[in-house]
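As a plain string of letters, each chain reads:
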Amino acid sequence: MSTEKIQGTRSDMIVCENVDKWFGDFQALKGITATIAEKEVVVVLGPSGSGKSTWIRCINRLEAHQKGTIIVDGVELTNDLRNIEKIRSEVGMVFQQFNLFPHITVLDNVTLAPKWVRKLPRAAAEERAKELLEMVGIPEQAAKYPGQLSGGQQQRVAIARALAMEPRIMLFDEPTSALDPEMIKEVLDVMRDLALGGMTMMVVTHEMGFAREVADRIFFLESGEIVEVGTPEHFFTNPTEDRTKLFLSQIL
Amino acid sequence: MSETSSPSYHHQKPPFYRDATVVKWLFQLGALALVIFALWFLSSQARDNLAARDISTGFDFLSIDPGINLSEGIDTRPATGGRALWVGMVNTIRLATAGILFATILGLFVGLARLSKNLVVNKLGSVFVETLRNIPLLVQILLYGAILANLGDLQFDSGWDNWVIWSNKGLSVPRVFIADGFYQWVVFMIIGAIAARWAYNRRSRLRDETGQDAYPGFASLGVLGAFAVIGWFIHPIFGWVGNIFGGIEDGISKIPEEALQAVLSILAVVLAVNWIRGFLKSRRTPGGSAHLTDDDKFRIFFAGIGAGLAILVVYVVWPGLSSWIINSSSDLFGVLEDKFGNGRTGGPFGVDRPEVVKPGKFEKYGPSGLTMSLGFAAVFFGVVLYTAAFIAEIVRGGILAVPKGQIEAANSLGMKRSAALRTVILPQALRVIMPPLGNQYLNLTKNTSLAIAVGFSDLVQVGQTVGNQTGKNLSVFAIWMLFYLACSLTISVAVNFFNVRLKIVER
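Those protein sequence lines, which keep their order, are chains A and B.
Take the first sequence: its letter number 42 is residue 851 in my numbering, and every next letter is one higher.
Take the second sequence: its letter number 396 is residue 401 in my numbering, and every next letter is one higher.
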């Protein structure tokens, strides 16, 4: 988890340079500059409205940034539709509200994109989906519909659905915020396994325990700016910025 | 009931007017008696009043010549009142079916246009909706009629070379009609449909195994098309199918009337017993004991009464029922024997080009083409445009009702817009769209009755004329109501069928 490991020979997976984003008059992102390496796990912290979700949503172009450069896995995000589709099929995303497709079964949720985007044969897609459901711990729910599952189970299906596209990067946008307390752990466990398996991950969360334990680096955002970057050790024990100290004093 | 327990626990049987079970039964039977009495009272009052005012009811006019001419339809000089009303029904059904089809297509496009990010397309859609849904339908129908009346007079050289003819008398296009060999060709097509289904399954299995597009839809259409073309030429080989129907006809006509009566009665009893048995089963707890509430007992009671009534109908109320069933079904198979039988060598379809004739002083369309009269056109454009405006809003609302997160999820998985629309958005939007869409279909069908304003011979216009000629206005009213009720129920059943299939499973 040391910085030397990150600065090694691995290629940069996500590069952001001076990224600006406005919603009307409101500037949500102000000159975001950051580089995330392969297999790195970063956690993005910050008060609500600080631009965490906006940033993570810019990385697979669910929101379009207006200034600056974002390069994901060597492909720059522009208006080029082919680039956007390519990046989206390599970047998995997990949402706060799960966003499972309610009209099809869990298995179909997981196999839909591999069949339609990767043109995988159904048998192969289903086999892979069953492996993934096994991995997230709910193989017995494959034939059910999302509405029949608990929140924690739904979020784990959502993770399996994103993983089914064999992404190189996983984005998590507050994956546990909509869950009952007793279900948070089952989702975090899956995410921890994923991180240990070497997935490049970018996680917006309020779970400090997870950030401390799993993150390689923590980004602290406020008012659309990156205020502080550092290892969990540095961030939680010895933060340099006053705003970080204030934030930590409020939540810890 | 025990003498030893304290007085407050006395289990005395309450007086009957406080016994919940007795009270419920009394109310149930009382309500039934009240309904029967009300119906009897109203009908006897109506009968007396009608007799006093010399208004005649009855349906004998259905088989009497009404002496009227209709402006258009399958028969413009109907020989009986029933035939006249039938022509009106066919005209209404034609209008409603065509209207539903075109209003749906147009509404879908306008609804999508209103969601478009293209400013011009978007605003055009808005103008369409806001204009057409805010002008009364009757005004629109009159307006379209007035506009179309400005087309030129019908002449022998009107239109385009006797393929398409238009004038202020309407539009006439070539008519495709069912010809001699049609039914044998249908047999061929049924086999073709089975083969097409087989091809579809084969191709989709191929797609599942290899992941490549195998175009199962195109493959099955191709198979069906091949059968249609080959069948066009060699369909007479199926002449023997007619003999089968002939055999069935003979068999049915030999069934004795009493046997059918007995079968129908037994059927009613069996159905009732079956229903009661299933009902008891559904009420049984996992422990095996069935606890019936009073409501459950009422249901069982009425199921029994229903069976008894059915038997009463078969033997007493309408003793001719069974012979009617025997005769009409053997007639039906006789017709089928003729239609499917040997010696029909012509093609399945034929085409008649429209023509202009001049029987008297003025030119008019001959019977050969498919003619859409001015009245039909005015009502058609009226109901289509008016309903399409509402359908557009329903479609727009349905698509907007799909949560934004669904589209984002599909996008984040790298799905193309078209794929996301087809697999994620539309299936969920349809769930919201179908119920109000069904309402619009009902409205459209009922709104076709405004055809009377431009003199199109729909059921209402024909019924009005028949009623005036025969004086049986009440009977005509009954037929009108039953017809529109039947149409509406048919549409409701069809829409509900889709609603059930689109339902999302929860818990």
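Treat the hints as calculated values from the structure; they're not laboratory data.
Wrong hints could be hidden among the right ones.
[Unchecked claim] Simulated DEER-style distance windows between Cβ atoms:
| no. | chain 1 | residue 1 | chain 2 | residue 2 | range |
| --- | --- | --- | --- | --- | --- |
| 1 | A | E885 | B | V181 | 55 to 61 Å |
| 2 | A | A952 | B | W165 | 57 to 63 Å |
| 3 | B | S287 | A | S986 | 50 to 56 Å |
| 4 | A | S959 | B | V181 | 57 to 63 Å |
| 5 | A | K895 | B | R138 | 53 to 59 Å |
| 6 | B | R210 | A | S820 | 49 to 55 Å |
| 7 | A | Q957 | B | V181 | 28 to 34 Å |
| 8 | A | E826 | B | R210 | 48 to 54 Å |
| 9 | B | D343 | A | Q957 | 41 to 47 Å |
| 10 | A | G883 | B | L129 | 57 to 63 Å |
The beta carbon of each residue, even a glycine, is placed where N, CA and C say it ideally should be.
Here is how each hint holds up against the structure:
no. : hint                           : result
1   : E885/A with V181/B: 55 to 61 Å : 58 Å, holds
2   : A952/A with W165/B: 57 to 63 Å : 59 Å, holds
3   : S287/B with S986/A: 50 to 56 Å : 43 Å, violated
4   : S959/A with V181/B: 57 to 63 Å : 58 Å, holds
5   : K895/A with R138/B: 53 to 59 Å : 44 Å, violated
6   : R210/B with S820/A: 49 to 55 Å : 42 Å, violated
7   : Q957/A with V181/B: 28 to 34 Å : 50 Å, violated
8   : E826/A with R210/B: 48 to 54 Å : 50 Å, holds
9   : D343/B with Q957/A: 41 to 47 Å : 56 Å, violated
10  : G883/A with L129/B: 57 to 63 Å : 43 Å, violated
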